[in-house]
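Kindly generate the complete structure, drawing on both the sequences and the hints.
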Amino acid sequence: MSPSWLYAFLVHKKIEFEIFNYIFYNFIDNGIGYGYGLLQITKQSLKILQDTNGEVKDFIFEDIRLKDLKNPDIAIPMGIRWLARKQDTATKKLGRNATHDELAMEYKGLLKSKTTYQSQSFKNYKGHYERLKKK
Amino acid sequence: MNVLRRSKLILIWLIFLFSCTTTSLKQANSFYLVTKVSKYGGQSEVIVTSDRIVIECGKYSEEYPDYYWFTLYLLDQNNEAIMTLSEIKHSIKTCSQKKKLAENILAKSKKIFIGVMSDALKPIEKISDDNFEPIYFKQFNKSFKLSQRSFQFAYLQGDAGACVKAVDTIEKNQPCPPEDFPIKE
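Chains as they are written, first to last, in this note's numbering: chain A, 5 to 139; chain B, 353 to 537.
Rather than coming from a laboratory, the hints here were simulated on the basis of the structure. Here the structure is a predicted model, which means the values were calculated and not measured. A few of these clues could be false.
[What the hints assert, rightly or not] Listed next, the in silico DSS-like pairs over lysine-lysine satisfying Cα-Cα at most 25 angstroms (straight line):
| hint | chain 1 | residue 1 | chain 2 | residue 2 |
| --- | --- | --- | --- | --- |
| 1 | B | 391 | A | 47 |
| 2 | A | 51 | B | 445 |
| 3 | A | 71 | B | 536 |
| 4 | B | 445 | A | 137 |
| 5 | A | 118 | A | 138 |
[As the list claims (entries may be wrong)] Some chain A residues well away from chain B (every beta-carbon gap over 12 angstroms; in silico):
| hint | residue |
| --- | --- |
| 6 | 51 |
| 7 | 52 |
| 8 | 55 |
| 9 | 62 |
| 10 | 63 |
| 11 | 75 |
| 12 | 91 |
| 13 | 95 |
| 14 | 98 |
| 15 | 101 |
| 16 | 104 |
| 17 | 131 |
| 18 | 132 |
Beta carbons are placed, not taken as given, at the ideal position from N, Cα and C, and that holds for glycine.
What follows is the structure, encoded as structure tokens:
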């Protein structure tokens, strides 16, 4: 994946990006849970995003530490790269192109979940999205 | 014999009467009230009595079995349980710590102030036909239906001032309630 592709993806996915920005804006500097920074990147995801032999080896980042994720200039590109990866995994799981809603659920690790939590979390996400569209 | 029978009837009647009075008294002191919603519906404030709150740490998803949701259930005015989720992945350790803190607040306070990142007055839109398990409230010794409404948790504060946020930060002196509360607009 080239940087220009990533930029195009960022522009194309502006709406989703804003949603995540909106949903997680109050989660900056989270040091206790598993997700870090503006886009709630987990330790495992951070490792994969820098692994030269990992699942995103065609476009990786280098020398990024957990605390660097507090910086939006670093967290946003990494989050978008992870979002691109999640688009691939969601498409594989579904056997077709994932919708925006499905991509959001895959990003949260809830695409195939059938629990009450998934259902209610999806409602919260849709609530934010509707408000965002009205603004 | 007649006197005995009459006393027995009076006793049964008194027991019935007292049990009814106790129940209605309990209900009168127990409430759920939405006090404020922000202009665009992004935040709401709710006051609820501690007996109407249940806290749990639930498994995040099949894909992430080591993660947990920090979850509150709020029993609303229609006696339906509103799932209030902290939209963040927790370890069992961090979730349990938060649960313990919140339960201490519930034990010491009657009135609980709750902030959510949701519109608490928006008409409920049913988007799934799922029929989920009812939620058990120990205080009422009864299970209640899960509401179609759901909230994103922001903070919980007792009337004595102690407070728990959805997200704890590594930086010191972060406010609780968080910056978006109390709602100004």
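Those earlier numbered hints the structure runs against, lowest number first = 1, 3, 4, 5, 17 and 18
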